[in-house]
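Enquirer: Sequence:
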Amino acid sequence: MANAARSGPDGFRPLLALVLPEDEDLLGPDEIREVELSSDSEDDNLDLLNSSEALIRRHHRGSRRTQSESTEEDPLLGRSEPSDPYFMVYFVFYLLGMGTLLPWNFFISVSSFWNYKFREVTNTSSLWAIQNGTDLEISSHQTALQEEFTSYLAIASNIPNAMFVILNALVGQNFQLKYRIFVSLGLVIGFFGIVLVFSETNSDDWQKEFMVLILILVVLINCCSAIFQGGVFGVAGKFPPKYMGSIMAGQAMGGVFPALVDIVVISANVQAKDTGFACFLIATLCLIASFVSFAWVRRTKFFKFYAETPLSLSRQPDLDVLVPVTPSIFTVFTKSWHYCLAIYVTFSTTLAVFPAITVLIQSRFNDHDPTSKSWADLYFTPVTCFLLFNVGDYLGRILSSRLKWPGPNRRGKLFLLMASILRIGFIPLFMFCNVAPDRRSLPVVFHSDMVYVLFMATFAVSNGYLGNICMLHGPKLFHSSELQESAAMMLVACLVLGTSTGSFLSYPIVSLI
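Each residue of the sequence shown is one higher than the one before, counting from 1 in UniProt numbering.
Simulated from the structure, these hints should not be mistaken for lab results.
All C-beta atoms in this analysis are idealised placements derived from N, C-alpha and C, irrespective of residue type, glycine included.
Since no wrong hints were added, every one of them can be taken at face value.
Below, simulated DSS-like cross-link-like pairs (lysine-lysine); rule was C-alpha separation at most 27 Å, straight line:
id : residue 1 : residue 2
1  : K476      : K301
2  : K178      : K304
3  : K208      : K273
4  : K304      : K404
5  : K335      : K476
6  : K178      : K476
7  : K476      : K304
8  : K242      : K301
9  : K301      : K178
10 : K242      : K404
11 : K404      : K335
12 : K335      : K242
Listed next, with one range per pair, are the computed distances between beta-carbon atoms:
id : residue 1 : residue 2 : range
13 : P240      : M450      : 37 to 43 Å
14 : V197      : A268      : 22 to 28 Å
15 : T334      : N366      : 47 to 53 Å
16 : V383      : I216      : 31 to 37 Å
17 : Y507      : W296      : 40 to 46 Å
Please take these sequences and the hints and turn them into a complete structure.
Expert: In structure tokens:
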């Protein structure tokens, strides 16, 4: 048998149960099955062998114990799938999904706080006043720090995030998954706590140093967040598709929640200097809840049934069989490249215009008065840009989790890839909306607010739908839990590469307007 397995694809023969005669009483008749290895491709043969790893482990470990003992000590090898009581694992995955994007979304949503922190404190040409308990910038003049901080924030977030997501995809499996998640999330909480403390510190006399400190913390947070995100998606890739959908939906809620908080802050007339502390405190509490929830849920039988990753298969000392190890990253990519490219193009397109261009789109009813309390002046951007996009993205992810269309066949993969490429057309559509009407060089083609809202809704739903379909189907191209984890982390790497590419493309696109 070992010689047959060594001879390559043409030499594979049916492997019968891998059970010694004296051990047959340890396995039920339904578990003594024949594994047919197709000679169509070596990749499929390796994948099929890997999918039998639980059965091999049962024979290897269970030869000296009863079946009940084997099932109790190793939930992976039980006869039936345990239930997810009250959908608690599903909910925890949802919370973990929120945690992966909460840091970034809270940083970009508290724009009034950053404007206050980097305001001009020595020149009276830029005045700040208190009106109804809210800090208002009377002058339209912006300081250099105010204008540049958002760009610095995007660079400090996206570059380290992309680097560490790719690094995690390449070498992450050398470290235990639970440590990757716990350590990285714990560090994110710690760094956010430092941000929380400094948000209440008077930094008027050291604004540049304060900005450098915040950007360093942003880099550290995103390095850890990338490892955390890769680990979360890696473990979710081993579960049924709806659990991956739960994380994707949680990510969308990680955008909706900060947008709602921002709108509530505006409505409550909270002072700009206090919004940062309030929002960062909420984010820190949510991250702590994610940490505690994951620590609890990983002890449940349902979680262990799917998430306990067996060691890579190798030749067992008491079995005369050659068992393959996990194929390379290149092998995983060649089987899932359609989904990798589709998710890369989807998020590159999204970040190329959101929020860099969409945040500059103004209502046709805008009064251009800094002290105005009209809906168009106060709520148009928070509602039609941030809230509408994140709600649409959320609905798209929920819809794709229900429909799961197009499927993982060849035609479905090509359709998904073409749909992601067609989304590039949204870039010129948004460019010809009412973007920065006072200083644009291109003509405005779409003056109506409703046309812009329609564009944004379609743009948001398609982003959530296409991205979620890629994450749902990509890992399920493989049968082995280890390959599913590798595929999920590779998709996350392509997603983050897309966000970084889109962020860099946003600057020349804005300059074209």
